[in-house]
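Enquirer: Chains as they are written, first to last, in the numbering used here: chain A, 11 to 286; chain B, 31 to 383.
Hint data in this document are derived by calculation from the structure and do not stem from the laboratory.
Cβ coordinates follow ideal geometry from the N, Cα and C atoms, glycine included.
Keep in mind that a hint or two might mislead.
Said to hold, decoys possible - Straight-line alpha carbon distances no greater than 30 Å define the calculated DSS-like cross-link-like pairs of lysine-lysine that follow:
1. Lys235/A with Lys75/B
2. Lys118/A with Lys235/A
3. Lys235/A with Lys51/A
4. Lys118/A with Lys182/B
5. Lys65/B with Lys285/A
6. Lys51/A with Lys75/B
7. Lys51/A with Lys182/B
8. Lys157/B with Lys118/A
9. Lys285/A with Lys51/A
10. Lys281/A with Lys65/B
11. Lys182/B with Lys197/A
12. Lys182/B with Lys157/B
13. Lys177/B with Lys118/A
14. Lys65/B with Lys75/B
15. Lys118/A with Lys285/A
16. Lys182/B with Lys285/A
17. Lys65/B with Lys197/A
18. Lys51/A with Lys65/B
As the list claims (entries may be wrong) - Derived CB-CB ranges, DEER-like:
19. Ile356/B with Gln200/A: 44 to 52 Å
20. Glu63/B with Glu114/A: 29 to 37 Å
21. Met211/A with Gly212/B: 40 to 48 Å
22. Thr326/B with Glu114/A: 52 to 60 Å
23. Ala340/B with Gln200/A: 49 to 57 Å
24. Ser56/A with Ser155/B: 52 to 60 Å
Spelled out, the chains give:
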Amino acid sequence: MSAATMTAPVTRSGADEGRIGLRNNLRHIGALARRNALQIKQDPESMFDVLLMPVIFILLFVYVFGGAIAGRGNQQEYVQYLVPGMMAMMGMNIAMAVGTGVNEDFRKGVMDRFRTMPIARSSVLIAKIVVEIVRMLIATTILLGMGFLLGLEIRGSVLEFLGAIVLATVFGAALMWIFILLGLAVKTPQAVQGMAMLVLMPLQFGSSIFAPPTSMPGWLEGFTKVNPLSNLADAARALINGQGAVAHPVLVTLGWAVAITAVTMPLAVAKFRSKT
Amino acid sequence: MAPGTVRGMTRQTITTKGGNAVEVRGLVKHFGEVKAVDGVDLDVKEGTVLGVLGPNGAGKTTLVRCLSTLLVPDAGHAVVAGYDVVRQPRALRRTIGLTGQYASVDEKLSGWENLYMIGRLLDLSRKDARGRADEMLERFSLTEAAKRPAAKYSGGMRRRLDLAASMIGRPAVLYLDEPTTGLDPRTRNEVWEEVQRMVREGATVLLTTQYMEEAEQLANELTVIDRGRVIAEGRVDELKAKVGGRTLQIRPADAGELDRMVGAIAQAGLDGIAGATADHDGGVVNVPIISDEQLTAVVGVLGARGFALAGISTHLPSLDEVFLAITGQKTSDAADGGPAGDAADQQYAEVTA
């Protein structure tokens, strides 16, 4: 290589100056989250999933399937069963939208600008997650509001009820890293959606979200036991209904959240860094 | 204050004695079989503009992406503003600005919101970021469009917003990757004026372009690259002398006279005039010239022989002609239609006879 024989240009001190401090990092995340929020303001249609999905799904499941699953006239009890489960489903669906969002973002030149600026590269992704968590909380609020209209009762304590919301949010945020990774790995938003559906459908329906797994064949019942969505649904159900085991499903859900984040977050950030 | 931080009002001196703000040695970046950058050396003196001239696919953008920390080179060495691009990327990002071929602003945000966000990302206080956003919008004549989403801007406005975004942090070194590709002539001039102003204010600029005209307007020195390698370098006037100045284009009233005109010019044996050619498709005769006297002489000969002329124009050498003069070959992408710049170059330099 000719470079070896030439005089290397003189550089400044060997260390890489300018590690980003926590306060600056938080400011960067704030500025980028503001950007994501302004995008929503500019494009209100992007809120349709958050605003309408909970309404449509809950009506669909309670009135179309509710009778069949829970028996006629037993819709009240089915609402009590379904709504906590749907909190798990909401998180998953919104997390999927993060993947397509990141993928679309990357097709724009603005990512090049961010990546040539003195900011931590993870801050772009974290800002996205912050805004998506807010979207998720809005969706959960609408879902629960619909639930109350249909007769949902808080049978545990208020603290347990809030605990259910926090747990669903934590798990949803962990899921976002998977979809961010997916969004960075495939070429088009359509591909993100296609691949996400493959994961989404079995996880959602092979769970205790819509029906008790005791009516399923043995192998499927076994699957629902390890399925994190089942555990989240069971945990939320126990917390809101004030009955059933709480500790086990909560711990399994948190374990999954930690494991998913620990594996996919570093991969996503690395992928983001090396993406050209 | 650390070198190159954005808070300082004056641009930091980035080299010890006004030396090179950018030094690249043996830079290599391959994508599989494609040798996008294949051993490039170049220097940009502090406070000057280096034009990197080359056709599509020559490796210009890959070079800029390596120098702006978006790509890690496979081999070689590059120091920008005193920082090694591979070993000190974070420090380097504080001192550079990049305006790409495609506008790197958020199209859903307004012009003002874009600039404010960038100010905040560069650690300006809310107040300073607001002030700087207003100031840059004013400077780039975008104040009236400040609140509109960038998606609704015209191409030229978007490019100006992009330049403004790159300038928020008062970068010591600015990369402009084909800053006027796809712009109409008037907008192109506006961008040129802005770049010239940045240089007057002390910025060091590395500019990639496909247009000889742009290089001549903006650059102090030129590096010509093709297939990832440097094939010529030097001051703009040196390269122009090598290439042979301008081409005089003469359009006869009767297209059937093209060959007779070429013959008449050759017979006249004018000093320094050789190689007049007839372009039957274009209906013109092309004559390479290096001085205004030669222009007058050629036209004089044709007038004396009684040719009726419909139009005369001169144009700077196109990229293809530059390449032909330097390498004896057409540009590597001439096969697929040639750079779109040729026609535009001609349009720019056209003079009324």
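Enquirer: Against each hint, give a clear statement of whether it holds in the structure.
Expert: Hints versus structure:
no. : hint                               : verdict
1   : Lys235/A with Lys75/B              : violated, 67 Å
2   : Lys118/A with Lys235/A             : violated, 42 Å
3   : Lys235/A with Lys51/A              : violated, 41 Å
4   : Lys118/A with Lys182/B             : holds, 16 Å
5   : Lys65/B with Lys285/A              : holds, 19 Å
6   : Lys51/A with Lys75/B               : violated, 45 Å
7   : Lys51/A with Lys182/B              : holds, 16 Å
8   : Lys157/B with Lys118/A             : holds, 29 Å
9   : Lys285/A with Lys51/A              : holds, 28 Å
10  : Lys281/A with Lys65/B              : holds, 23 Å
11  : Lys182/B with Lys197/A             : holds, 27 Å
12  : Lys182/B with Lys157/B             : holds, 27 Å
13  : Lys177/B with Lys118/A             : holds, 21 Å
14  : Lys65/B with Lys75/B               : holds, 27 Å
15  : Lys118/A with Lys285/A             : holds, 13 Å
16  : Lys182/B with Lys285/A             : holds, 29 Å
17  : Lys65/B with Lys197/A              : holds, 23 Å
18  : Lys51/A with Lys65/B               : violated, 44 Å
19  : Ile356/B with Gln200/A: 44 to 52 Å : holds, 45 Å
20  : Glu63/B with Glu114/A: 29 to 37 Å  : holds, 30 Å
21  : Met211/A with Gly212/B: 40 to 48 Å : holds, 44 Å
22  : Thr326/B with Glu114/A: 52 to 60 Å : holds, 59 Å
23  : Ala340/B with Gln200/A: 49 to 57 Å : holds, 55 Å
24  : Ser56/A with Ser155/B: 52 to 60 Å  : violated, 31 Å
Comparing the model with each earlier hint shows violations of hints 1, 2, 3, 6, 18 and 24; every other hint is respected.
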